[in-house]
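Below are the chains, spelled out letter by letter.
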Amino acid sequence: MKLLYYPGCTLKTSAKNLEKSAFCIAEALGHEIVEMKDWNCCGVSSSLTDDDLMHHLAPLRNLVHIEDEGETQIITLCDMCCNTLKQTNLRVKEKPEDLETLNSFMDEENDYKGTVKILHFLEFLRDEVSFDKLKKMVKNPLKGMKIMPYYGCMLLRPREVAIDDAEEPTIMRDLLKSLGAEVIDNPFKIECCGSYHTIEEKKLVSDRAYRITKFAQDRGAEAIVLSCPLCRFNLDVRGKEAEKIYNNYKQVPVYYYSQLIAVALGLDPKNCGFGDHAVDPILLLKKKGVFENKRE
Amino acid sequence: MSKVKEKIVNEYSLNLKKGDLAKEVEELSGVNLFGCYQCGTCSAGCPYVEEMDLTPDEVIRYIILDRKEVLNSKTIWLCSSCFTCAERCPRDINITKIMEALRQIILRKNIDKTKLTMLTKEEKEVIPQLAFVCLFRKNVG
Amino acid sequence: MPLKSYNKKMDHDLGIPLQDDYFYDDPEEIIERKSMPKLETTEKKLKELAKKGEKKVIDADVLIIGAGISGMQAALDIGDKGYKVVIIDKTSTIGGAMVKLDKTFPTNDCSICTAAPKMVELSRHPNIELITYADVNSLDGKPGNFKVNIWRKSKYVDPDKCTGCDDCAEVCPVEVVNPFDEKLSTRKAIYIEFPQAVPIVYTIDYDNCIGCGSCDRVCEPEAISFLEKSEEIEVNVGSVIVATGFEVFEPTEMRKEYGYGKYDNVITALQFERLLSSFGPTEGKVFRPSDRKKPKSIGWIQCVGSRSEQLGFPYCSRVCCMYATKEASIAKEANPDIDITIYYMDIRAYGKDFQQYYDHAKDLGVKYVRGRPSSVYENPDKSITVRYKDTLTGKIEENTVDMLVLSTAIKPNKDNKRLGGALGIDVDENGFFKQDSLLTDPIQSSRKGIFLAGCIQGPKDIPDSVSMASGAAAKAVAPIKDREKHIGKEFPPEKDVSNEKPRIGVFICHCGKNIANYLDVEKVTEETKKLPNVELAEHWMFVCSEDSCKKIKEAVKEKGLNRVIVAACSPRTHGGLFQDTLMEAGLNKYLFEMANIRNHCSWVHSDDWDAATKKAIDLVRSSVAKTRHLESLTEEEFSIYPKALIIGGGVSGMKAALALADMGIKSIILEKESNLGGRLNHLHSMFPSDTKAEDIINPMIKNITKNKLITVMTNSELNELDGYIGNYKGKVKQKGKIKEIEFGTIIVATGFKEIDLDGEYQYGKNKNIMSQTELETKLKNNDLKEPKNVVIINCAGAMDKKRPYCCRVGCGVSIKNAKLIAQKYPKSKVYLLYRDMRVFGKDEEEYYADVLKNYHVTTIRYPGDNKPEVSLDRKNPKDGPVTVKVHDDILNEDMTLPADLLVLTVNTEGGSETEKLKNMLKVPVDAAGFFIETHAKIKPLDFSTSGVYMCGAAHYPKNLVDAIAQAEGAASRAAIPIAQEKMKGEGIVSHVIEDKCRGCGTCEMACAYSAIELVPHSRDPARLVAKVNRALCKGCGSCAAACLNSAIEQKGYNSKQINLMISALLDEEAGR
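Keeping their order, the protein sequence lines are chains A, B and C. 1 is the number of the first residue of the first sequence in the working numbering; add one for each residue after it. 1 is the number of the first residue of the second sequence in the working numbering; add one for each residue after it. 1 is the number of the first residue of the third sequence in the working numbering; add one for each residue after it.
Rather than coming from a laboratory, the hints here were simulated on the basis of the structure. Among the hints, a few may not be true.
[Stated by the list, open to error] Derived SDA-like pairs (lysine to any residue); straight-line CA-CA distance at most 25 Å:
no.	chain 1	residue 1	chain 2	residue 2
1	B	23	C	232
2	C	853	B	124
3	B	68	A	52
4	A	214	B	35
5	C	643	C	555
6	C	867	C	766
7	C	161	C	555
8	C	853	B	92
9	C	984	C	279
10	A	244	B	126
11	A	20	B	104
12	A	250	C	381
13	B	124	A	275
14	C	824	B	35
15	B	124	A	278
16	B	68	C	827
17	B	23	A	52
18	B	23	A	55
19	B	109	A	55
20	A	12	B	123
21	B	3	C	896
22	A	146	C	486
23	A	214	C	766
24	B	3	C	397
25	A	202	B	104
Sequences and hints are given; from them, build the entire structure.
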């Protein structure tokens, strides 16, 4: 099946490993990911003032181009893009008069008819593919790995565009369980990682990473899994910097969910881009013998 | 004694439309913040509250009491719009939008919070692009 | 954390016979049932039932749906008036939510101990028919003539045979999650809800029973029958009262941040009550669910699911602040080393004695933190860490507790919508039943003839529910008032045994295994037979069963017995039953004695067979010694003058008069002002619906003037009062002239007044400083000059050392007036200075939120120990603006506010006539001038003195809705003696031996019922002696015990009888 895909800026630069591993998984599942034509910046972050329609233009233009290709569904890998596109989609559905204004402003583009459905890749895996199917395809179960799922903000809030319950999400937990890993719960799994403060307030973000990770480590977590490129950077890179601030603290490896799925499905780890991380993720996998694990 | 110590803007020269801070915020955000009960849930859930000079519920209180020095607080720039407060507020007040409104009041007067000059070349390459986009959206007019 | 719920797995047909031949000595396996059993939908069963056949038809006067405390109160009120009541409940027992509680605030009374006597009274009342395990299917007809279809589910146990012995539950192999214990424990498929259940009939939970038959095999009275069918019953009544109660919100779908259902040690407050309860899953010990150890710290989070515009319900649940305080103070008192914290937004301690209860909890060491926690998380040792902001110190903190209790919202029953549809009454937007008009008719539902009582109209505590239930009783009687009344039971004529020698029959009970397994009942019987005057001594399995009572009656006749002793359990629960048995056999009911060889013997000496047997023999012997000297006693009959006097013509007084008139009873209203209406004459509008005050009282006054049954006497005051219940004579002073009136019962509705502030907040020194009432009068007369800055100070004169109580209505009044000012003068700035925002009633929380949002009233919280200071303008002290200095508790800073209008919400106290009235009526009054009711929880409208009742603000300040419910309730209570037309006093009254009496008055002071007074000696008028009023005496014996000269004897318990009992108890020979 052909899946139309919206990459966003970061997937093409800092998060190439996320994109590559996701592509591999899709291929293994029998889907072809095709990048959409003529996409532009998604317009993060979503406009929060009521009178600000200007900042909805960028996301809307993407939606128009999706419709132009004759598609009604788009897959995203980046949490922020997903959130922003969904919020704009919702806004124009709730206020048709705003849609009219936006459409008439973009007079060089076609009108948006409101037919596009935006899916995060995790949603796609859960709803269209189903975790049970993934479980059956697992070749190297992640046995013995104690992993803490981390969601961050954009997947779950605001409630109207969430892909799972905002207080007790289970999507990554279910995914990890179907891959055979042990899940460590952590109340900080839904707390903000620090977001754009990573540029000007590095220490703040390091503190956040420390707080989030230490709590899970105290409960036995050996790794973190997440889905957002910015969260990965904050917890991984800034988290490693936290080692200099806090005594006796060691940052654990941070994985994208797609990398773990790829490893579990027995796909080539070279596609996972493990070298782009601050804390080496392969060490833990090797230690647990995941590459040798065979399904019983 | 006010808790706000910094001075980013001269709030009295801002010449707020309608002269009233609360009305301005309400218009920009669409949120009627007078219904706040001062319960403290938003502050307790905020990830950055420990670095803030005014906690989020105090920000709302300052707006209700028309204390324009709230525009000088560190709080509104520390907010990363994570929506945790808005999700838990029992009065259904969208504090995220209120913070944005306060930021917009300043930014729309052509006052920028961020003057990005201190970053090394290496960092510019490593930090994910979306962080920059977000930063400019939030801190630059 | 609750046990997980199980899913339904199997289907059954109705009434299948026994299956395979299993025989269980002990339950061999515990079969896990997967479902939380739901009561079957009645319509489905109706269709399934092949045999529609005969339908049972009951003709009655009133149907009451729901037998919790409200339903029971209404049933008793109506039954006492002589009308027939059918009361149904959908669970297998009555009692409702009140029996789940351990203790009730603010008196800390044991909940089941106050509810159980009402339950027993209801089950034995001759006019009340109780149908449990039944629900309403449909209703047709019009007021005065309703036909209701009820589906009664079969319990598969014969109620006439079951003795409540518990043998069946011991062998049942099926365990189900127990909804009574709020999912903290399991019960069997054959069960009784709780040990004091009424009726005490075991029930088979059809959805989970597997039909193995073990229970049937062990049941000695053979009470189980799988062939008992469920049935449809048609009830024809004149009116219906709905009292189906409430449910407690479980935060599993919303408010998940508190970890309920996920973390073991997070429980709801009702689950905590079950932990505290002596018949709960931990037998009254507070244990953590995770490891069954005593917690070292407990936290409470208030308002979970309440007061929420999102993820919850918008209203205030009204009782949570108080029950959390109660649970915390009980836990703290029993275990002073436990660290207890309550996290709140406002503490709504609004009722009578509530604020003092809250202060006491603080003194005990309970910590109160103003801050609503954002989220909680669990630590590896299963303790819970709470993250909150302490808004009064401004710090963000985390606190770890061993156990977390969530005070969750009270939400409407899931079944309300269906029930509303079946009955044809409306449900409001929150799911509670809609009343006809909140401020004028809060008990009437949206359909005439159907009335609401208790929490189904909105959350409320027990006294308010009981008052409303009595009010519903009054209103339900109105359509059926002309129907035939049946007072009391009919008995055959009494035999005169005064000349006979005592012929005593002793019946000793096994009580199943409760007595017979711990002492030798055979030996007791043998020893008793040897005593002189004992004609017959027998021992039976259950003396209280219908079978045995029949045998007692036969024995009386055959053996010519003229005194009966039952050696069994407590006379409190079964005494009345046996007295009735004697009367049915033609004997005077006071020729009966009970020896408690269960609670006083077998239950407390269960480990010593011989000693218990000897003690039982001693107890029976001492009863026999007394019984030889028992005499027939008469109960004097008094006629009741069929008129009620209502003192006070405000809203409460007027509503009471109208309710009485609707029941066909005459009344007199005494009002000291020149026109009716009371305080509402001075007010502008009422909250929470902003109805104008005159629109409320004017129609009422019109109705009263038109009503021929109501006599209104304005400009009148009661000067003198003589007499007692049913026979009062009063002298009224009206415009200088004295008029004499006669009446049977009295309702006190004298209201309240604002206190004298004594210059506090500069009151009285400046024209622009006024009380709320003065403000409203000015607004009404358009007499207020436009203000620019308005400051309202709440709690003036309240909750301080002099007057430690809350004025209850102040918060609501201040918000309503703030709105009025903001509406009338939109340019003005209004500040509201408060200590706690106590808007607890129906629609009040939503009103408050609306005023804050749309009228931009700024609220400032000030601490009780740092009150605002008012300074007058130096140049213009009498007429100019003032300055208010207040400490904002949340921002922790002092603020100075200018004000050209300062409004004080002044505390209230009892009416000005209270002193005089209390002496005339001989009723007690508290320090604040409010009248004291006989029982704070279940008798809030009655005085200890019979015949006098109270309602409205005379009891304690209250808002309009509660006052009207109380007024109609008081009317119902006052109507009971009048409806009965005659009253029987007690038989065991006290009696003064005039010649021995010194006239010292000690007995008069000892009497709690004002039944004794000093009068001149019959032959020597110079001497004063005590006289007992038989109509008021309740036979408590306090006077006989207090008398220094032994001049008072209590009939049925006189000194000779007591002395003989004591001698016989201690010395075998003396007993012969």
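How the hints compare with the structure:
no.: 1; hint: 23/B - 232/C; verdict: 63 Å, violated
no.: 2; hint: 853/C - 124/B; verdict: 46 Å, violated
no.: 3; hint: 68/B - 52/A; verdict: 23 Å, holds
no.: 4; hint: 214/A - 35/B; verdict: 38 Å, violated
no.: 5; hint: 643/C - 555/C; verdict: 46 Å, violated
no.: 6; hint: 867/C - 766/C; verdict: 19 Å, holds
no.: 7; hint: 161/C - 555/C; verdict: 21 Å, holds
no.: 8; hint: 853/C - 92/B; verdict: 12 Å, holds
no.: 9; hint: 984/C - 279/C; verdict: 37 Å, violated
no.: 10; hint: 244/A - 126/B; verdict: 19 Å, holds
no.: 11; hint: 20/A - 104/B; verdict: 38 Å, violated
no.: 12; hint: 250/A - 381/C; verdict: 24 Å, holds
no.: 13; hint: 124/B - 275/A; verdict: 19 Å, holds
no.: 14; hint: 824/C - 35/B; verdict: 21 Å, holds
no.: 15; hint: 124/B - 278/A; verdict: 16 Å, holds
no.: 16; hint: 68/B - 827/C; verdict: 20 Å, holds
no.: 17; hint: 23/B - 52/A; verdict: 17 Å, holds
no.: 18; hint: 23/B - 55/A; verdict: 23 Å, holds
no.: 19; hint: 109/B - 55/A; verdict: 18 Å, holds
no.: 20; hint: 12/A - 123/B; verdict: 17 Å, holds
no.: 21; hint: 3/B - 896/C; verdict: 18 Å, holds
no.: 22; hint: 146/A - 486/C; verdict: 75 Å, violated
no.: 23; hint: 214/A - 766/C; verdict: 63 Å, violated
no.: 24; hint: 3/B - 397/C; verdict: 19 Å, holds
no.: 25; hint: 202/A - 104/B; verdict: 24 Å, holds
Consistency note: the structure conflicts with the earlier hints numbered 1, 2, 4, 5, 9, 11, 22 and 23.
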